[in-house]
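S.K.: From just these sequences and the hints, can you work out the full model?
Chains as they are written, first to last, in the working numbering: chain X, 1 to 750; chain E, 1 to 427.
Mixed in with the good hints, there may be bad ones.
[Stated by the list, open to error] Computed footprint of chain E on chain X; a stretch qualifies when at least three of its residues, placed anywhere within it, have a C-beta under 8 angstroms from a C-beta of chain E: (1) 345-354; (2) 358-369; (3) 374-385.
For the record, the hints were derived by calculation from the structure and aren't laboratory data. We put the CB at the ideal spot given by N, CA and C, even for glycine.
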Amino acid sequence: MMFLFQHMTHLRLSQITPLRLPVMALAIGMAPVCAMAEEPPAKIVELEQISIIADSSAQGEVLGAANEVDSFVLEEYEYQDFAQVAQRIPGVYSREEDGYGLRPNIGIRGATSERSQKITLMEDGLLIAPAPYAAPAAYYFPNMGRMSSVEVFKGPSAIKYGPHTVGGAVNLVSEPIQADFAKLNLSYGTDNTALARGVFSDIYQSESGEWGVLFEALRYQSDGFKTVDNANSAGFQRNDLNAKLSWLSPSTASYPQTFLLKLGYADEDSEETYLGITDEDFEQNPTRRYAASQQDAFETSHQQVHAFHDIQWSEQWSLSTALYWNAFARDWNKLDGFRAAEGLVAVEPADVFANPSVYSRQLSLLKGEIDSETTFDQLNIVGFDRDYYSYGVQAQINQRSEFSLAGASVQSVRQMGLRYHGDGVERDHTGTYYDMTDGDLVTTNESENFVHNEDKAQALAGFYFDQLAWQDWQLSYGLRFESINTERTDKIAEQTYQQTQQVWLPGIGLRYQVSEALALQAGVHRGFSPNAASSTKAEPETSINYELGGALSLGTWETQAIAFYSDYENLIGRCRVSDGSSCDTSQEYNAGRVAIVGLELESSAYAELGEYLLPVSVVYTWTQSEFQESFDSSFSQWGSVEKGDELPYLPEHTLRLDTGLESDVWAARIAMNYRSEMREIAGQDAMNASNSVRELTTFDFSADYQVTDQWLVSAKVENIFDRQEIVSRRPFGARPNKPRYFTVGTQYEF
Amino acid sequence: MIKKKNWTLQAASLLAAFVVLAGCDGGNASSTSSKEEGAVYLASTEITAESLLTQAIDEVVIPNHVALQTSLTRLQTAQSAYCADPQQASPAAAQAAWSEANEAVQRVNAHPFAVSTFIEQGVALGARLDDEEMIIRKVASYCAADVQVALQAEDSANYSLTGVSTLTRGIHSLERMLFETSYEHTCPDSTQATLGWNDQPLAERQAQRCDYATILIEDMVSANDRILDYWTRLNYGSQLMVEANQADAVQALFESLFYIETVKDEKLCIPRESENCPSDSFVFTSAGLSEQTYSELDASLESLRAIYTGDEGIGFDDVMAESGFQSSNETFLTNMHAASALINAQADSLQAQIEALLDAQANEMEEGAVKAQCANASSAPQVATSEAYYVPCRLFGYLKQAADVLKTDVQSVLDLTVPGTVQGDGD
Chain X
1 MMFLFQHMTH LRLSQITPLR LPVMALAIGM APVCAMAEEP PAKIVELEQI
51 SIIADSSAQG EVLGAANEVD SFVLEEYEYQ DFAQVAQRIP GVYSREEDGY
101 GLRPNIGIRG ATSERSQKIT LMEDGLLIAP APYAAPAAYY FPNMGRMSSV
151 EVFKGPSAIK YGPHTVGGAV NLVSEPIQAD FAKLNLSYGT DNTALARGVF
201 SDIYQSESGE WGVLFEALRY QSDGFKTVDN ANSAGFQRND LNAKLSWLSP
251 STASYPQTFL LKLGYADEDS EETYLGITDE DFEQNPTRRY AASQQDAFET
301 SHQQVHAFHD IQWSEQWSLS TALYWNAFAR DWNKLDGFRA AEGLVAVEPA
351 DVFANPSVYS RQLSLLKGEI DSETTFDQLN IVGFDRDYYS YGVQAQINQR
401 SEFSLAGASV QSVRQMGLRY HGDGVERDHT GTYYDMTDGD LVTTNESENF
451 VHNEDKAQAL AGFYFDQLAW QDWQLSYGLR FESINTERTD KIAEQTYQQT
501 QQVWLPGIGL RYQVSEALAL QAGVHRGFSP NAASSTKAEP ETSINYELGG
551 ALSLGTWETQ AIAFYSDYEN LIGRCRVSDG SSCDTSQEYN AGRVAIVGLE
601 LESSAYAELG EYLLPVSVVY TWTQSEFQES FDSSFSQWGS VEKGDELPYL
651 PEHTLRLDTG LESDVWAARI AMNYRSEMRE IAGQDAMNAS NSVRELTTFD
701 FSADYQVTDQ WLVSAKVENI FDRQEIVSRR PFGARPNKPR YFTVGTQYEF
Chain E
1 MIKKKNWTLQ AASLLAAFVV LAGCDGGNAS STSSKEEGAV YLASTEITAE
51 SLLTQAIDEV VIPNHVALQT SLTRLQTAQS AYCADPQQAS PAAAQAAWSE
101 ANEAVQRVNA HPFAVSTFIE QGVALGARLD DEEMIIRKVA SYCAADVQVA
151 LQAEDSANYS LTGVSTLTRG IHSLERMLFE TSYEHTCPDS TQATLGWNDQ
201 PLAERQAQRC DYATILIEDM VSANDRILDY WTRLNYGSQL MVEANQADAV
251 QALFESLFYI ETVKDEKLCI PRESENCPSD SFVFTSAGLS EQTYSELDAS
301 LESLRAIYTG DEGIGFDDVM AESGFQSSNE TFLTNMHAAS ALINAQADSL
351 QAQIEALLDA QANEMEEGAV KAQCANASSA PQVATSEAYY VPCRLFGYLK
401 QAADVLKTDV QSVLDLTVPG TVQGDGD
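M.R.: This is the structure we're talking about:
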């Protein structure tokens, strides 16, 4: 697909020594429309392809707001947590969970961030969530360490990247194939956190064409910053192996073609838990973990096979095709609650944290302060064993044309895409009961299988998209179609039910280049987020999304502001184990009409101070939300909702400030991240400790020094002032952000 | 978080009713409270299923078990003193202690809600509690108790109540050990265990009964301690506070109020149709020896009122009042109080009154006249009767009128289910 051409572009650019320029997260929409008109496509490397921004020549073809965080920006802080990367993109929210971003919770323009279930998550333009239709929660998230850039599509631009179009899409772009390239990254930091990554890539010329290979290995590990009572660490280990093989047809070929095969394997072994602590204990020691989480461990393996093919029939026509297959298996053994007294529903940790005075005994058991004496004192450690798969084939025809209108040229870029996708998950959840004895968990060897089901989905999606450029005007319009069939089989109850969803999603955008410096844009599109296969009660999530904004470019100062308004016809909430409530896991809930309004602002500039550069950038998002209806919900994040209540976990303000000083051989940077207080349950009353988490401001610092042309050394401090706050009380109790974190690293390019 | 909102009674699944009521205006709530005179209405407390259950557990159930614990300790002391020399010592102190303990047992018997419901659901814990609860609830079988007295005397070192029928344990078996003046067993000659028991010296038989009484009291102490331990240290009540369990728990609490039916139909059954009475005239074996049945009844009624009113806190009466059914509260409580007042006004025991009633029935000039008068007294209990032996009939009437409120108004307003055993009792 398009990224392959991007790789080829990188191949050529790699011959150029990269300048240390303050490349910030520029809005794609900021590129002047005239750029496209002035540079008609002539080479295959500039072909229009699906899903990937690729290079600047394509930027003008993005319908609506889109952002890219490129490799230069990613390398500034080398964040391994996507949530930290997301701070540099307006309109993107995250809810911290483990502090390392092992399973980030990402939302866009108010779409819920939990498990990134409401965004279309892609790697190299292909759906990468374990089962994006049948079970959209993204328990797999690629390592940021192997990504070269991040692209985010919001608003009307999202309609090309379903199934979730309400918020938008995130595309992670992997390391491209380059000629004669090898790189070794090593870093080591607080809590024995270490990252090692090696990349070898080369391109070989032959009569049959240009062959490229890439091998990549990554190891990321840490002892973790939390300490488990009566146990050791709460760390993780991640491995990631990837290989690519590419072929580019000879330049003499009548129909230029490219082919790329990508193979990937990743695994993770982490001692992650859903169990938090009480606010009181958080005040004493925010990195404490209770004894009841001693057995918690998350093990995964992920395999992927992606194949891409592009062919250009003429300067006007090209075809891009991709096949993909992903398999993901996870076994999350973790505390789920207490054993139920027979005939009763068990006490859950969320009950304990919500009302510790009522559940004082259970709290003492979680802490390991007392021993289990009854069956309902026993702790239920559940193996949440799930096997996911997804596969698909997608094709896209691209056509460029030009005609005259009122004496002026009109350039048209048409895209027609079709995707057949299948995915599914089999859940096998078995609980084992443990006694808390002398502060340790001791198995009773009694187990119970309480969930065994299988969800499947098959989806046919297509879109038509046309972009017309005429003088200073650019009109983009498109239409997406999704037809989804899902099936849930409960293997314990021996019940099966199916559902079908079909939807048409139009979108339109208009941009006017007022002057060389100023552009205005507006767009509207229909948003959609399908029901998961498990849904029996909810309607699909639908909305009408509007955006209006402009971009200003004055010398080195570039600014873009976009206001957005999402008018939900129906918002759905999805109960997950991580929701921490007694709602039925994977069940969905209707919230009816919801309105979300916001403003995205990003601005960057740099000053030249002799031989130094002083870059400055600001990324700010303001968001307001309101339920438009009153209702009662057993979805704990909503509860008893009154019209006018605000959505939970949606901060009103997020702000990222970046600045630094850079020379040809060294750079030092500092960044401030601010997130205002967030509600943890829908409401409109004043926020306090019982219904919200406090605002959080952290500062990060990084510095690097180019010892030689090949050798770079770096140092970084995250959360300089060691600010520790509760970032969420879900699933079960208060959880902290990552404390102050030092790391030193080196990078050597061979 | 529960917020204010409009509500309708018809909406009314149980928890929804509580959520709805929780949103009602507190000021109005206090003005329509149905609390008994002198009650302090907790205007600042929301009426929820959780608050209702918490109040019942913390202010009724646990205090009653604590009181029973205290009473049993006193009984243990008094019984030990008596049994140190049963031939010479007066049993009066032990009997008085038994009476106090019996009333405490009756207060506990009124709220087996966390037990009976779970027994029905086959709860392992409930089953254990069931055994222990039954020990302090069931009426004794005298012969069965006599058999156990003989068995424990035969091999006291290895004797254990484990597995022994609940009919031979508990407060009423103990009553026989302390109040029975006859030291003859009540078993037929074919009963192997008691063969020759009557032939033993009186002192030996007294000692054996004392020994068995000691075992029975220890058994009750153990059972009550264990129940109390579940409610307190093991925090069993928190299991009921789980949102998904609250509806069942409130239903169980509601069902416990129907102990009033047990009182009415079993302890006051004599004046009614014979087929409604348990065999062997329950009334005579429920504190029949001590003739303390009225005290039992009054203790039960006191406890039932406490459950209904939440012992001055959040109770069913608050839900009813908030729902506009204050008159139902008044009907229920007026009848319950009237029944207690009537009991406390009696100089004779229930047993004596019933025997008088049966005598009158046997000697009546016109067949059915006594029965008709009793029926009239039951239908209009507020009307005083000329003969004291119609008091049980009036009591029956008061309790029926109170129970009818539960079966109709309370059940309807809270969308609860009347226990199956009560629904078709023909009242």
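S.K.: Does each hint fit the structure? Answer for all of them.
M.R.: Here is how each hint holds up against the structure:
| no. | hint | in the structure |
| --- | --- | --- |
| 1 | 345-354 | holds (count 5) |
| 2 | 358-369 | holds (count 5) |
| 3 | 374-385 | holds (count 4) |
In this structure, every one of the numbered hints holds.
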